[in-house]
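Protein chains in written order, with the numbering used here: chain A, 1 to 155; chain B, 1001 to 1258.
Since the hints were derived computationally from the structure, they do not count as laboratory data. The structure displayed is predicted, hence computed values, not measured ones. Cβ atoms here follow ideal geometry from the backbone N, Cα and C, with glycine treated the same way. Incorrect hints may have been included.
Unchecked claim - Part of the chain B face toward chain A, derived, beta carbon under 10 Å:
#  : residue
1  : ALA1018
2  : VAL1028
3  : TRP1038
4  : ALA1039
5  : SER1042
6  : SER1043
7  : ASP1045
8  : LEU1095
9  : GLU1098
10 : GLY1101
11 : PRO1104
12 : THR1110
13 : GLU1131
14 : TYR1209
15 : SER1213
16 : HIS1241
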Amino acid sequence: MRYALTVIFSLMLALVLQLIPVSADWLPWKPNFLLLMVIGWVIFKPSQWGIGFAASVGLLADLVFRSPLGLHVFLFVFIGAAPYLLSGWLIYFNVIHRCFFVFILIIFSELLGNFMYSVWGVPVDYRDVPWGAISSAVIWPFMDKFLVNVHNNRR
Amino acid sequence: MMTIHYYTNWFSSIEKFADRSIRPFYWVANIPSRIGEWADLSSTDRSVIEKENLRLKQESLIYRGQLQRMAELAAENLRLRLLLNATELLTDSILVTEVIGVSPSSKSHTLSIDRGLKDGVYVGQPILDAEGLMGQIISVFENHSVALLITDNTHAIPVQVLRNGMRSIAEGTSDYNNLQLRFLSTTADIRVGDELVSSGLGGRFPPGYPVGSVLSIGKIPGENFIEVNVRPAAEIDRSKHLLLVFTSQDGSRNGNSQ
Chain A
1 MRYALTVIFS LMLALVLQLI PVSADWLPWK PNFLLLMVIG WVIFKPSQWG IGFAASVGLL
61 ADLVFRSPLG LHVFLFVFIG AAPYLLSGWL IYFNVIHRCF FVFILIIFSE LLGNFMYSVW
121 GVPVDYRDVP WGAISSAVIW PFMDKFLVNV HNNRR
Chain B
1001 MMTIHYYTNW FSSIEKFADR SIRPFYWVAN IPSRIGEWAD LSSTDRSVIE KENLRLKQES
1061 LIYRGQLQRM AELAAENLRL RLLLNATELL TDSILVTEVI GVSPSSKSHT LSIDRGLKDG
1121 VYVGQPILDA EGLMGQIISV FENHSVALLI TDNTHAIPVQ VLRNGMRSIA EGTSDYNNLQ
1181 LRFLSTTADI RVGDELVSSG LGGRFPPGYP VGSVLSIGKI PGENFIEVNV RPAAEIDRSK
1241 HLLLVFTSQD GSRNGNSQ
């Protein structure tokens, strides 16, 4: 029960962080907190928080981002599948390696997201792709520490 | 699912429910900026506040003087229009509103404001800031509303060049600092620095409000049209307090200003 509440609280925190307004110049640097939280939970508890969880948070992201419903569902499921399949190894990696893994995943997610937006006729700027990934990698160690603590307490 | 959402309104009830549910999160997300504003105000020296107060009083005096001149010109304009048997111009009233949430995505340019059905807000209502037109209302709830900004890629607004009255359509480009005029011929009389105002065509936006100024004009190779980039007059990503415009046509708020 306490574990589920921790997950819900972390998602609510991610949602609030996602909604904090920033100026247009800083918007490309804003990490996708919801996706980071999904990656984190899927890495540390794939049996409980797997693809269905990623799809549910993706639907929430669709409603928050006002994107066509299903776009972030697809994106979160696609990106969430990698940590889901590799979680057995990833939990034994150190934080730097996981940080690099998250960086690569966010780059993929940005590229795929931009491609899908461009299919819907939305003008996209691929030059903004690395910024969100860099800021996500920078905040990942804090998130990683929190998730490791929760995971160890759970044991 | 994406296709259904794109081409139909079947999911609109889900979106409205989500808008309502997410509102408390917007409120929490605004706490840091509120604390920042409060800290800024608290740490400001009394003499600075007094100086600013004096400046604002002087500005108010200047604007009131200009308004008197405007009233005289408006009355003269009305008399001339009556002489020409032209229709009477619509008068606009305004309602001050505050931004309570901004879309977290750079692909969707929307914002939430703290006025809703109880204030008479309606879908399609124009909003502006102190500098120019910002966008229009797309969803109205009991206590808040959602507005689509003129820079959103799905938005277009009829405009005219202030200098010569040439009409065009300014489209959003998903860039907060850029609008584009499309299908202007290479012989069109438009220059860098030209001011654009809303033309009022289509009846959605009242005429005469500043939209932006021409930033650059480029020739597209092999095309018969030029590419005109416009910098929006409104501070799209910075304005905190906005104005909702009610024209007398709406009937809900005749001539009152708040």
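Problem set entry | Restraint outcome when B:VAL1028 is required to lie within 10 Å of chain A by C-beta distance | holds, 5 Å
For this session: Tell me if B:SER1042 is really an interface residue toward chain A, meaning its C-beta lies closer than 10 Å to one of theirs.
Result: violated, 21 Å
Exercise. Do the numbers back the hint for B:TYR1209, that is, is its least Cβ distance to chain A under 10 Å?
Worked result: At about 22 Å, which exceeds the 10 Å cut-off, the nearest Cβ of chain A leaves the hint on B:TYR1209 violated.
Exercise. Taking 10 Å as the limit, does the beta-carbon of B:HIS1241 come near enough to a beta-carbon in chain A?
Worked result: violated, 14 Å
For this session: Under 10 Å, Cβ to Cβ, is where B:GLU1131 needs to be relative to chain A, so tell me if that hint holds or is violated.
Result: violated, 15 Å
Problem set entry | chain A contact restraint for B:TRP1038 - C-beta distance below 10 Å | violated, 16 Å
For this session: Would you check whether B:THR1110 satisfies its interface hint, that is, whether its CB is within less than 10 Å of any CB in chain A?
Result: Because about 6 Å separates B:THR1110 from the closest Cβ in chain A, which is inside the 10 Å limit, the hint holds.
For this session: Identify whether the interface hint at B:ALA1039 stands, where standing means a beta carbon of chain A within less than 10 Å of its own.
Result: violated, 16 Å
Exercise. With 10 Å as the cut and Cβ atoms as the points, is B:GLY1101 at the interface with chain A?
Worked result: Status holds, d = 7 Å.
Exercise. Taking the closest Cβ pair, is B:PRO1104 under 10 Å from chain A?
Worked result: Given a least distance of 5 Å, the restraint on B:PRO1104 holds.
For this session: Verify the interface restraint on B:LEU1095: the C-beta must sit less than 10 Å from at least one C-beta of chain A.
Result: violated, 22 Å
Problem set entry | Evaluation of the interface hint that places B:SER1213 against chain A, nearest CB under 10 Å | violated, 18 Å
Checked against the numbered hints above, the structure violates hints 3, 4, 5, 6, 7, 8, 9, 13, 14, 15 and 16; every other hint is satisfied.
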